[in-house]
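Engineer: Convert by adding 92 to the 1-based position in the sequence shown; the result is the number in the working numbering.
If you're looking for bench data, these hints aren't it; they were derived computationally from the structure.
Cβ atoms here follow ideal geometry from the backbone N, Cα and C, with glycine treated the same way.
Watch out, some of these pointers could steer you wrong.
[To be verified] The following label-pair restraints were derived from C-beta to C-beta distances:
no.: 1; residue 1: Asp239; residue 2: Gly319; range: 21 to 27 Å
no.: 2; residue 1: Thr281; residue 2: Ala135; range: 27 to 33 Å
no.: 3; residue 1: Ile205; residue 2: Pro298; range: 22 to 28 Å
[Unchecked claim] Listed below are the simulated DMTMM-like cross-link pairs for lysine to aspartate or glutamate, each with C-alpha atoms no more than 25 Å apart in a straight line:
no.: 4; residue 1: Lys301; residue 2: Glu176
no.: 5; residue 1: Lys227; residue 2: Asp312
no.: 6; residue 1: Lys226; residue 2: Glu148
no.: 7; residue 1: Lys226; residue 2: Glu317
no.: 8; residue 1: Lys226; residue 2: Asp194
no.: 9; residue 1: Lys227; residue 2: Glu317
no.: 10; residue 1: Lys301; residue 2: Asp264
no.: 11; residue 1: Lys301; residue 2: Asp367
no.: 12; residue 1: Lys227; residue 2: Asp239
no.: 13; residue 1: Lys227; residue 2: Glu176
no.: 14; residue 1: Lys226; residue 2: Asp264
no.: 15; residue 1: Lys226; residue 2: Asp277
no.: 16; residue 1: Lys226; residue 2: Glu131
no.: 17; residue 1: Lys301; residue 2: Asp239
no.: 18; residue 1: Lys256; residue 2: Glu317
no.: 19; residue 1: Lys256; residue 2: Asp277
no.: 20; residue 1: Lys256; residue 2: Glu176
no.: 21; residue 1: Lys227; residue 2: Asp264
no.: 22; residue 1: Lys226; residue 2: Asp367
no.: 23; residue 1: Lys256; residue 2: Glu364
no.: 24; residue 1: Lys301; residue 2: Asp312
no.: 25; residue 1: Lys227; residue 2: Asp194
no.: 26; residue 1: Lys227; residue 2: Glu350
no.: 27; residue 1: Lys256; residue 2: Glu314
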Amino acid sequence: MRHPVFSALALLGLVGCGGSDGKQQQPDSGLVTCQTAAERTMACTVTVVPELLQFETQNPPEFSVQLAYNTAWDVPQRFPTTCEPLALAVADSSNGFRPRFDDVSCASSNPRIVMLMADDVIGGNRYALSINDKKLPAPVAGVRTLDPMRIYVVNQATLDTWRKALGLSGLDWTHYGMAVVIYRDRTLTPVAGIRPTRTVPDGADPFLKPGSEVFFLSADRERVEIGATATTASGVALFPLVGNRSLDVSGTTGAGFEFVGISAPPGGLFIETCDQI
Numbered sequence: 093m094r095h096p097v098f099s100a101l102a103l104l105g106l107v108g109c110g111g112s113d114g115k116q117q118q119p120d121s122g123l124v125t126c127q128t129a130a131e132r133t134m135a136c137t138v139t140v141v142p143e144l145l146q147f148e149t150q151n152p153p154e155f156s157v158q159l160a161y162n163t164a165w166d167v168p169q170r171f172p173t174t175c176e177p178l179a180l181a182v183a184d185s186s187n188g189f190r191p192r193f194d195d196v197s198c199a200s201s202n203p204r205i206v207m208l209m210a211d212d213v214i215g216g217n218r219y220a221l222s223i224n225d226k227k228l229p230a231p232v233a234g235v236r237t238l239d240p241m242r243i244y245v246v247n248q249a250t251l252d253t254w255r256k257a258l259g260l261s262g263l264d265w266t267h268y269g270m271a272v273v274i275y276r277d278r279t280l281t282p283v284a285g286i287r288p289t290r291t292v293p294d295g296a297d298p299f300l301k302p303g304s305e306v307f308f309l310s311a312d313r314e315r316v317e318i319g320a321t322a323t324t325a326s327g328v329a330l331f332p333l334v335g336n337r338s339l340d341v342s343g344t345t346g347a348g349f350e351f352v353g354i355s356a357p358p359g360g361l362f363i364e365t366c367d368q369i
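Between the sequences and the hints, there should be enough to build the whole structure, so can you do that?
Structural biologist: Laid out in structure tokens, this is it:
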């Protein structure tokens, strides 16, 4: 389902915004202030080479995908889905689904994370809006390069199937989004048996409630495993979240896992990994 930011833009943009906070509640009604080019005064550039994969099959996508690049958290509690991206590119078979973003700006009020939004090209209706982010690498001889930056796309039909299977019929998906977390071991292999936890400042981190706060995908990454209480061989957990509100999560199964902040744009997906420490 094509997101408004893509249908409204045909040229490269110069501004961006984004962010996250903490609790599930109705989204803010205030205006989002995108960072202007004049506010990007820090000298910071990065070259990003995305590597696109279809989430369900782990193979390259079948159809063209439009990518929008931005810095991730310029404005608290917001993804920059409604701001002009810093750069646009189309990933397709002509470039091996690896289009380059050469020397794009990584200057922001919080220049640690960059992100790519993936969606249909103009006129398409195959893919759901998905967001993938990554920490900026340290410069080598003054140059920053992310090559590759793994980007997942998800069929809109798959997302619709997940939503229906959750059984949360009261959710308004124009307000809610979904975080997709892949739990991986130290070899980056998906891990079964993970029970996600909510990270809290003090005391033991509580487990999230299966069937309401967290759900789990089947080994083929296409179906929600109804009744599952931990990850399957896919290592994937789904978290429905009020759009742009965030949650810190981790997971335990013997050895611990890092904690990650997850959020989701209204109506779309945020795809994140949680790795074994």
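Engineer: Does each hint hold? Answer for all of them.
Structural biologist: Consistency of the hints with the structure:
The beta-carbon spacing between aspartate 239 and glycine 319, approximately 41 Å, falls outside the hinted interval of 21 to 27 Å. At roughly 39 Å, the beta-carbon separation of threonine 281 and alanine 135 lies outside the given 27 to 33 Å, and the hint is violated. Remark: the range hint 22 to 28 Å for isoleucine 205 to proline 298 is upheld by a beta-carbon distance near 27 Å. Straight-line distance between C-alpha atoms of lysine 301 and glutamate 176 comes to about 37 Å, which puts the hinted pair past the 25 Å bound.
Taking the CA atoms of lysine 227 and aspartate 312, the gap is near 28 Å; set against the 25 Å cutoff, the hint is violated. Distance hint between lysine 226 and glutamate 148 is fulfilled; the C-alpha atoms sit about 21 Å from each other, no more than 25 Å. For the given pair, lysine 226 sits about 29 Å from glutamate 317 by alpha-carbon distance, which is inconsistent with the 25 Å threshold. Restraint check for lysine 226 and aspartate 194: the C-alpha separation of about 16 Å stays at or below 25 Å, so the hint holds.
Annotation: proposed proximity of lysine 227 to glutamate 317 is violated, straight-line Cα distance about 31 Å (limit 25 Å). Only pairs whose Cα atoms come within 25 Å are accepted, and lysine 301 paired with aspartate 264 is accepted, the gap being roughly 20 Å. As the CA atoms of lysine 301 and aspartate 367 are separated by approximately 21 Å, the hinted pair is consistent with the 25 Å bound. Simply put, lysine 227 and aspartate 239 have alpha-carbon atoms about 12 Å apart, close enough for the 25 Å limit, and the pair holds.
The hinted pair formed by lysine 227 and glutamate 176 meets the criterion: a straight-line CA distance of about 21 Å does not exceed 25 Å. Distance check on the hinted pair: lysine 226 and aspartate 264 sit about 29 Å apart at the alpha-carbon level, beyond 25 Å; violated. Between lysine 226 and aspartate 277 the alpha-carbon distance is near 18 Å, which keeps this suggested pair within the 25 Å criterion. Between lysine 226 and glutamate 131 the CA atoms are separated by roughly 22 Å; this keeps the pair inside 25 Å, and the hint holds.
About 37 Å separates the Cα atoms of lysine 301 and aspartate 239, which puts this hinted pair outside 25 Å; it is violated. Taken as a hint, the lysine 256 and glutamate 317 pair is honoured in the structure, with Cα atoms around 12 Å apart against an allowance of 25 Å. For a cut-off of 25 Å, the pair hint linking lysine 256 to aspartate 277 is broken: about 30 Å separates their Cα positions. Only pairs whose Cα atoms come within 25 Å are accepted, and lysine 256 paired with glutamate 176 is rejected, the gap being roughly 32 Å.
For the suggested pair lysine 227 and aspartate 264, the alpha carbons sit about 31 Å apart, so the restraint of at most 25 Å is broken. Between the alpha carbons of lysine 226 and aspartate 367 the distance comes to roughly 14 Å, so the proposed pair stays at or under 25 Å and holds. Using a Cα cut-off of 25 Å, the hinted pair lysine 256 and glutamate 364 holds, with the two alpha carbons roughly 22 Å apart. Restraint check for lysine 301 and aspartate 312: the C-alpha separation of about 23 Å stays at or below 25 Å, so the hint holds.
For the hint pairing lysine 227 with aspartate 194, the CA-to-CA distance comes to about 17 Å; that is within 25 Å, so the pair holds. About 15 Å separates the Cα atoms of lysine 227 and glutamate 350, which keeps this hinted pair within 25 Å; it holds. Of the pairs offered as hints, the one joining lysine 256 and glutamate 314 holds, with about 13 Å between alpha carbons and a cut-off of 25 Å not exceeded.
The structure fails hints 1, 2, 4, 5, 7, 9, 14, 17, 19, 20 and 21 (numbered hints given earlier, in ascending order).
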